[in-house]
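Trainee: The chain contents come next:
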Amino acid sequence: MNAPQAPAIGRRAAGAGLVLAVLLLVPAVASTYQTQLLTYGLTLAIAALGFNLLLGYTGLLSFGHSAYFGAGAYAVALMMRYLGVSSMELFILGGIVFSAALAALFGVVCVRHTRIFFAILTLALSQVLWTLAYKFFWITGGTDGIRVPFSKLTLLGGLVAFPGADAFPRFITSYYYYVVVVFCVCAALMWLIVHSPFGKTLQAIRDNETRARFLGVRIWRYRWLAFLVSGVFTGLAGILWVPLNGLTTPDVLYWPQSGKIVFFAVLGGFRNFSGPIVGAVIFNYLEVYAVAVTEYWQITLGVILIVLVTFLPSGVVGTAARLSAWLKRRREASA
Amino acid sequence: MSLLRTERLKKHFGETRAVDGVDFTVNEGEFLSLVGTNGAGKTTLVNLISAFLSPDSGRIFIADRDITYSPVDERIRAGIARSFQLVNLFDDLSVLDNVALAIFARERKTKRMFVLAERDAAVTREATDLLGQFGLGGNAQALAGGLAQGERKLLDVAVAYALRPKLLFLDEPTSGVSTRNKAQIMDTVSSVVRRGGITAVVIEHDMDVVFKYSDRVVVMHEGRFLADGPPEEIRQNRDVATYLLGTDVSD
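So the protein sequences, as listed, match chains W and X. With our numbering as the guide, the letters of the first sequence map in order to residues 1 to 335. With our numbering as the guide, the letters of the second sequence map in order to residues 1 to 251.
Honestly, the hints are just simulated from the structure, not real lab data. Think of the CB as a built atom: it goes at the ideal place given N, C-alpha and C, for glycine as much as any other residue. Certain hints may be false.
Facing chain W, a subset of chain X residues (Cβ under 8 Å, in silico) [stated by the list, open to error]:
#1 Arg-82
#2 Leu-89
#3 Lys-109
#4 Phe-114
#5 Leu-116
#6 Ala-117
Whenever a hint applies, use it, and build me the whole structure from the sequences.
Mentor: Quick look at the structure:
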């Protein structure tokens, strides 16, 4: 609706194309370890995209998105252990159905509330799931979790497999490209959703619920749909994450995992589309290197979070955008 | 022919009788002003009709259909829309998006998830045309939150108008704006509404505005109707002069 749009869309498409070109080059120029790290970052970015549909576009802060991330991860692990499934495409299908069902159910309970009540309800429900994974150890493996070895995994309907112990570098490269494709599809889909009439309606609900209601919008239904889509994206992130990690434990359902997803959005900035994506990738590097450098890595991350909230409330991307706009104005003024 | 009818509509807040058994009728095509002192019950009456509040008792009919307990969205589909005393907009969306959203809602297109909103040429065209009618064409791409108060008031009305209602309630469309802007806003609103053949009920305090633009004036006092008639008749009414204007017609 914000015409003229064509140049803006063209610029964004060119930017996205450039990012994609860089992503495609990574395995050729980076080590297996660095490629693996970026793969983790991209899977987390999908969770951040889903989470931000609720926070950035609908105005609902969920502290329970570990539930959907964990649901996706456990769906893969359970399918592999009990059904003998090895196809990544079947994992994606089954995991999406499972996380969608869970988000649909939890959404019914949560979306009738807003602000702190919504946040607490989402947190409580995710903790219920964590308890179930922890207590039903004969199914879930309890604290030991369930292993998802990459050697049992196949991609593209069985065309690509990774038998043998020395197949790890090949798995990382192949899986990286797989994740890049899924990430690009997710980013494009989410971009479409937030710029659709549905996405605009969510933003209207976020800005002014009363007025949205007096346009005839049934608020709960839209919040529920946003909750569902958000849960599916986050579930997909969990599905892609678990073969990379090789193991899922109840930790992925525990509240610190939800906190990490909130961190992604705050770090990158939740009032713009790319902020949470950038936030997730940066967070992944921060966490890995902070753990490697100091045993007080949680303190390091805590300080970063405090600095962000205090001095850069619009996050890394939001601040960069403001800085760029300021420089542009200055250039125009001096010209 | 009556478009809206209420029967013994009542809403009390504790001891306060905000709306006290009101029988209100709005005829098709009229531009009606609802006036009264602060606390007379005007906004409460509109809130009851638009489903912002539930009545204690009484009935509400639109075109003889009982909508007393219908939710907001059903009343909107029945043809009722409203603007608000305190401007109610989507401040972080563009002016065009504010109006386009109302059109999407009216056309039941708001659940469309996999299509770009801006690619709906019919909606964009209608929203642009509507903004032009309200004199906001030049602000289409601006954020609604960045408009001046008078423009925000007009946009508030435009958003309600975009729902293509049969009956449009305008709650103090000129409050908080300068005298010069008041005339400009009322000229624009009344001409768009009359041209669109829409029945309008305006809550207004400025009696000059009321007498200039209304076909009919209904005066409320302490939750009841004090007077109901054409502007000239209301201007001569002794009770209205005493309670509302603070003067005596003999003066």
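Trainee: It remains to establish, for every hint, whether it holds in the given structure.
Mentor: Okay, the hints, checked on the actual structure:
1. Of the supplied interface hints, the one on Arg-82/X holds, with its beta-carbon coming within about 6 Å of a beta-carbon of chain W, less than 8 Å.
2. Checking Leu-89/X against chain W: minimum C-beta separation of about 7 Å stays under 8 Å; hint holds.
3. Given the 8 Å rule on beta carbons, the hint for Lys-109/X holds: about 5 Å separates it from the nearest Cβ of chain W.
4. At its closest, the beta carbon of Phe-114/X sits 6 Å from a beta carbon of chain W; the interface hint therefore holds under the 8 Å criterion.
5. Because the smallest distance between the Cβ of Leu-116/X and any Cβ of chain W comes to about 5 Å, under 8 Å, the interface hint for this residue holds.
6. For Ala-117/X, the interface hint holds, since its Cβ comes within 8 Å of a Cβ in chain W; the closest pair sits about 5 Å apart.
The structure shown violates none of the earlier numbered hints.
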